[in-house]
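Student: Sequence:
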Amino acid sequence: FKAIYTDYIVYEQHRHEFMNQPHARATLLHGGLVWRLAMHSFDIGDLPSILEGISWEAITFGLMLPINDQTYFNNELSEEEVDFMCGTYYLYNSDTMDKVSWWPRPQAWAASGLNVGFWSTRCEEWFQKHLDNIQEGVSRIRNTRINDNNGPMTTMWWRHSLKFNAGITKMMKNVDAACSQFL
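For the sequence shown, the numbering used here gives the first residue as 1, with consecutive numbering after it.
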């Protein structure tokens, strides 16, 4: 499988359609790159309905939170929906299965130097640059000899390409530990 730009356009169209689902607000709650991809797919007119609260699907498919003898529900994305948001393809070889994606999946994003706990200016610059690279650098014709470095990549390649500052991962682990200890 060699992805071309048309494959990316189809993925974006499906992602935009997914954002019309009742539980699409879970993409906003997910945070990180999934949140940014959701914002890229939203029409500004859609935001009020998304911000109204949980969808009816939360009780059946969402997250159940038992707190102080009360049960609360919230929308949550399944692993497959997260993979879908990131443009993941499952490639089956004779005895293995590889996952490649247009955008880094949460595991790769969490290990990157961009994961600082909020969507920073640097995150937005990276997002826009990667979007431009996809639009400009992915082959328009299947089976060309061009090596498309801007096409879907494996998690290992994403982790390799997202190494900006090795100290960020350690810092985020320390922040998480301090927050847990505080709570």
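The set of hints was computed from the structure by calculation and includes no laboratory data. You may find that some hints are simply not true.
Within a straight-line C-alpha distance of at most 35 Å, the following computed DSBU-like cross-link-like pairs (lysine-lysine) qualify [as the list claims (entries may be wrong)]:
#1 Lys99 - Lys173
#2 Lys129 - Lys99
#3 Lys99 - Lys2
#4 Lys173 - Lys129
#5 Lys2 - Lys129
#6 Lys163 - Lys2
#7 Lys99 - Lys163
Restraint-style ranges between C-beta atoms, simulated for each label pair [stated by the list, open to error]:
#8 Val10 - Phe182: 41 to 51 Å
#9 Phe182 - Ile4: 40 to 50 Å
#10 Ala178 - Leu29: 42 to 52 Å
#11 Asp98 - Thr6: 19 to 29 Å
#12 Asp95 - Ala177: 18 to 28 Å
#13 His160 - Arg122: 36 to 46 Å
None of the values given here were measured: they were computed from a predicted structure. Backbone N, C-alpha and C define an ideal beta-carbon position, used for all residues, glycine too.
Student: It remains to establish, for every hint, whether it holds in the given structure.
Tutor: Status of each hint after checking the structure:
As the CA atoms of Lys99 and Lys173 are separated by approximately 26 Å, the hinted pair is consistent with the 35 Å bound. Pair hint Lys129 plus Lys99 holds up; C-alpha atoms about 23 Å apart against a cutoff of 35 Å. Between Lys99 and Lys2 the CA atoms are separated by roughly 13 Å; this keeps the pair inside 35 Å, and the hint holds. Between Lys173 and Lys129 the alpha-carbon distance is near 27 Å, which keeps this suggested pair within the 35 Å criterion.
Using a Cα cut-off of 35 Å, the hinted pair Lys2 and Lys129 holds, with the two alpha carbons roughly 21 Å apart. Between Lys163 and Lys2, the direct Cα distance comes to roughly 25 Å. Compliance with the 35 Å bound is thereby established for this hinted pair. A distance of roughly 20 Å separates the Cα atoms of Lys99 and Lys163; the hinted pair therefore holds under the 35 Å criterion. At roughly 45 Å, the beta-carbon separation of Val10 and Phe182 lies within the given 41 to 51 Å, and the hint holds.
At about 49 Å, the beta-carbon gap between Phe182 and Ile4 stays in the expected band of 40 to 50 Å. For the pair Ala178 and Leu29, the beta carbons lie near 23 Å from each other, so the given range of 42 to 52 Å is not met. At about 21 Å, the beta-carbon gap between Asp98 and Thr6 stays in the expected band of 19 to 29 Å. The hinted window of 18 to 28 Å between Asp95 and Ala177 is violated, with their beta carbons roughly 40 Å apart.
Take His160 and Arg122: their Cβ atoms lie about 18 Å apart, and the range 36 to 46 Å is violated.
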